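Each protein sequence line maps, in turn, to chains A and B. Under the numbering used here, the residues of the first sequence are numbered 666 to 1003, in order. Under the numbering used here, the residues of the second sequence are numbered 357 to 788, in order.
Warning: the hint list may mix true and false statements.
So the derived list for chain A, only partly shown, Cβ under 10 Å to chain B, looks like this [unchecked claim]: (1) ALA712; (2) ASN716; (3) ASP898.
Only part of the chain B face toward chain A is listed, based on derived beta-carbon distances under 10 Å [to be verified]: (4) ASN423; (5) TRP426; (6) SER429; (7) ARG452; (8) ASN454; (9) GLU464; (10) GLU465; (11) SER637; (12) GLY738; (13) ARG741; (14) GLY752; (15) VAL767.
Here are a few chain B residues that sit away from chain A, every Cβ distance over 10 Å (derived from the structure) [to be verified]: (16) ARG376; (17) ALA473; (18) TYR528; (19) PHE538; (20) ALA539; (21) ILE624; (22) LEU632; (23) ARG673; (24) LEU679; (25) ALA695; (26) VAL730; (27) ILE744; (28) LEU745; (29) PHE760; (30) ILE772.
Please keep in mind that the hints were generated in silico from the structure rather than gathered at the bench. On a predicted model such as this, the values are computed, not experimentally measured, just so you know. Just so it is clear, CB atoms sit at the ideal spot from N, CA and C, and this is done for glycine as well.
Okay, here's what each chain looks like letter by letter:
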Amino acid sequence: MKKSVLLGALTVAGLAAGAAAAGTLDDVKARGTLNCGVTTGLVGFAAPDANGEWNGFDVSVCRAVAAAVLGDPSAVEFVPTTGKTRFTALASGEIDMLARNTTWTFSRDVDLKFTFVGVNYYDGQGFMVPKALGVSSAKDLDGATVCIQTGTTTELNLADFFRANNISYEPVPIETNAEAQQQYLAGACDVYTTDASGLAATRATFEAPGDHVLLPEIISKEPLGPLVRHGDDEWGDVVRWTLNALITAEELGVTSANVGEMASGSGNPEVKRLLGTEGTLGEMLGLDADWAQKAIATQGNYGEIFAKNIGEETPIGLARGLNAQWTNGGLIYSPPFR
Amino acid sequence: MSDTNQHSASFVRTESIPEREPPYAASGPVKWARDNLFATPANGVLTIVAAYVIYLILAATLPWILNGIWSTSSLAECREILDGTTGACFSVLSERWNQLLFGFQYPEELYWRPSLAFLLLFVAAAPVLFFDLPRKLLIFTALYPFIAYYLIWGGTILTPIVAILGCVAGGYVYQRFVAGSFAAGFFGGIVAALVVWNLGGLLITEEANEAAVMTAVPSRDLGGFMLNMMLGVTCVSLSIPLGIALALGRQSSMPLIKWICVVFIEFIRGVPLITLLFVASVMLAYFFPPESSVDLFLRVVIMITMFSAAYIAEVIRGGLAALPKGQYEAADSLGLDYAQAMRLIILPQALKISIPGIVNVAVGLFKDTTLVSVISMFDLVGMIRGPILASTEWNGVYWELLGFAALLFFVVCYGISQYSQWLERRLATDHR
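Whole structure, please, built from the sequences with the hints as guidance.
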């Protein structure tokens, strides 16, 4: 008897929670703004400029989703999160999606109950050392002091790598990338390890970048991507296909400059389906027919976003590498719009 | 006597020698240096070493400061101009000063509002801090919290008015019933205030907030040094009365009150502030439904206030314990009741003893407000660590930014400390 009452209560609670969580898309539309979790600041990926406007690679994903859902790329409330607060912010419903260079891992997906909707940047953990140290491989780092950000996957990868190679290290735990940079330059650690993109961005800001080298070893796979809560597949689909639309647009040659004429003048049926001049893909998602058009027109396609924020023309200067389209030998690949 | 001297000792001078300067070595800067800097050989050595250290520090910092650059738009440009010579890149301050002071989301055209609130703070604090000023000024002090709220957050003017009405109603009920019984007055006052606030809350609608003359600014958009000041001022001024109440409660003869106070103080003092802040920002979000959560700023204010109230309570308890028992007995023998004895005899003396301790807690608390940067609120340190160092232009500027933060905090904390020393001198009535 007691048990059934308890189970009944749990079921009701579960249903209520399900009902509350089922309508993120409706919530966002009703609210008129998208609550998007970002980092408190990472060069090239997310940072506010002198006017307080957020810019960056991850920020563009948030803005693209806002443009697709609400038609306005500025209808985003950016919620800055740290490595420690990001998952609770998403799980508690404070934010609708998290685009914060977060690595897609098994336990985050399964145990923490999030849905990673795709990968917008393939990264891997690397090492940076001063040239003066005379080290040419990470395997020579026996006994080194290593600056490492706490609460991240890099911490665990580092431990695995050193254990597998049977060498020792001394960790210097730090909180943010900015702090790490300073500690490393001040000589508090011999080695700084984080995602290779972060290392390149960090090295670019040094007074003498040439005095530091990135070691050839990449010791982990770090697929970074946006994520949403478990249990709301409609909303997950919206975010997933917005990201895919940006990727497909690059593959099909649709850019922010030509999206208008492509929508009306293109002979390619996939372009027409993507931009909503043919078929009912937008309606299936619960969005306007020109949802992808709005996202691409305001943010540009994947390649444009990459080039504008972190590409080789920027001070960060990252090459496309793994993040080239699959047609150019990279891993960036979107399922077809059909 | 003088006559005999005049005749028997004719060599005695009859006119006085004109005054002369003291010997060169026994006056002026030389004497000062001798007495203070080179009194003994050991002192002399120490002086020379100290002078050398000061020289080293200045030689390292002065060129850096004087050679500073104020007008570039990125760190790379600074380095280009300096071209290898030593020099600071203060351009980050001239470009981002507004973000450092107000956070990056506070609307630029509204900066005058928090600035005005800051200036009025001095007017409001003056009669509390300097009790020679006319007492009528305290009326403004009582109104100040509502004015400051209206200035900083904006929105409809109904909100502060309803808040004032609630306080007035509560105060009136308290005055009316406190003569009968303290508890009736106290709880009656609270109930009356709550009733007025709830009724008034019905009047304030979302539309009113949007159509208000003063644009509403959500708490999320506050930041920079403004946030530190707001947290510091609010929490210190709330935690002193709360701390007094806790200290008195801990000495109470009523076991229930006493144990509540003891448990509260010991629990809060036994937990690090950062834990409380994490609870405020992360855990409470789970307990409230997403759309009706309590404002993050308010949650943080509550946590910091509780934390510093526990410390201030212990400082004041020290002051109470330092009073001779005779003072309590004297109060009793005059026929004063508990409230009168405390207000007229015990607390004025106990608080005077506690001033250095209270100021110590206040200064520490003010600096602790920078801890909110770890729960992703953009106070001064949060702005530096997050957005500014993460921008492509300014990534890599540390000394200039953190030095600026240190300077701001030093000015405020030194001011507080100077005031407390003045206050101690002013209140020194004992015969020392």
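Structure-based check of all given hints:
1. Here the hint on ALA712 of chain A is kept, as its CB sits about 4 Å from the closest CB of chain B, short of 10 Å.
2. Because the smallest distance between the Cβ of ASN716 of chain A and any Cβ of chain B comes to about 8 Å, under 10 Å, the interface hint for this residue holds.
3. A least Cβ separation of about 19 Å between ASP898 of chain A and chain B goes past the 10 Å threshold, and the interface hint is therefore violated.
4. Using the Cβ-Cβ criterion of 10 Å, the hint placing ASN423 of chain B at the interface with chain A is not satisfied: the shortest such distance is roughly 15 Å.
5. The restraint placing TRP426 of chain B at the interface with chain A is violated, with a minimum CB-CB distance near 15 Å, outside the 10 Å limit.
6. Satisfaction of the interface hint for SER429 of chain B is found here, the shortest Cβ-Cβ separation to chain A being roughly 9 Å, below the 10 Å cut-off.
7. Because the beta carbon of ARG452 of chain B sits about 6 Å from the nearest beta carbon in chain A, less than 10 Å, this interface hint is met.
8. Below 10 Å, beta-carbon pairs count as interface contacts, and ASN454 of chain B has one with chain A at about 9 Å; its hint therefore holds.
9. Hint on GLU464 of chain B holds. Least Cβ distance to chain A is approximately 8 Å, under the 10 Å limit.
10. Given the 10 Å rule on beta carbons, the hint for GLU465 of chain B is violated: about 12 Å separates it from the nearest Cβ of chain A.
11. At its closest, the beta carbon of SER637 of chain B sits 7 Å from a beta carbon of chain A; the interface hint therefore holds under the 10 Å criterion.
12. At about 7 Å, the closest approach between the beta carbon of GLY738 of chain B and any beta carbon in chain A falls short of 10 Å, and the interface hint on this residue holds.
13. The closest approach between the C-beta of ARG741 of chain B and any C-beta of chain A is roughly 6 Å, which is under the 10 Å cut-off, so the hint is satisfied.
14. Interface hint at GLY752 of chain B: satisfied, since its Cβ lies 4 Å from the closest Cβ of chain A, which is below the 10 Å cut-off.
15. The closest approach between the C-beta of VAL767 of chain B and any C-beta of chain A is roughly 25 Å, which is over the 10 Å cut-off, so the hint fails.
16. With a cut of 10 Å on Cβ distances, ARG376 of chain B stays outside the contact zone with chain A, its closest approach being about 61 Å.
17. At roughly 20 Å, the least C-beta separation between ALA473 of chain B and chain A is larger than 10 Å, which holds for a residue marked as non-interface.
18. Chain A leaves TYR528 of chain B outside its interface by the beta-carbon criterion, the shortest separation being 40 Å against a cut-off of 10 Å.
19. With a cut of 10 Å on Cβ distances, PHE538 of chain B stays outside the contact zone with chain A, its closest approach being about 42 Å.
20. Residue-level check passed: ALA539 of chain B sits 39 Å from the nearest beta carbon of chain A, beyond 10 Å.
21. Every CB of chain A is more than 10 Å from the CB of ILE624 of chain B (nearest about 22 Å), matching its label as outside the interface.
22. At roughly 15 Å, the least C-beta separation between LEU632 of chain B and chain A is larger than 10 Å, which holds for a residue marked as non-interface.
23. Taking the minimum C-beta to C-beta distance to chain A, about 36 Å, the non-interface status of ARG673 of chain B holds against the 10 Å cut.
24. The beta carbon of LEU679 of chain B is kept farther than 10 Å from every beta carbon of chain A, the shortest such distance being approximately 46 Å.
25. The non-interface label for ALA695 of chain B is consistent with chain A: the shortest C-beta to C-beta separation is roughly 45 Å, beyond 10 Å.
26. A beta-carbon of chain A comes within 10 Å of the beta-carbon of VAL730 of chain B; the shortest separation is about 7 Å.
27. Non-interface status of ILE744 of chain B relative to chain A is broken: a Cβ of that chain comes within 10 Å, the nearest being about 8 Å off.
28. Interface exclusion of LEU745 of chain B from chain A breaks down, the closest Cβ pair being 4 Å apart, not more than 10 Å.
29. Every C-beta of chain A lies more than 10 Å from that of PHE760 of chain B, the closest at about 15 Å, which supports listing it as non-interface.
30. The beta carbon of ILE772 of chain B sits about 29 Å from the closest Cβ of chain A, which is more than 10 Å, so the claim that it is off the interface holds.
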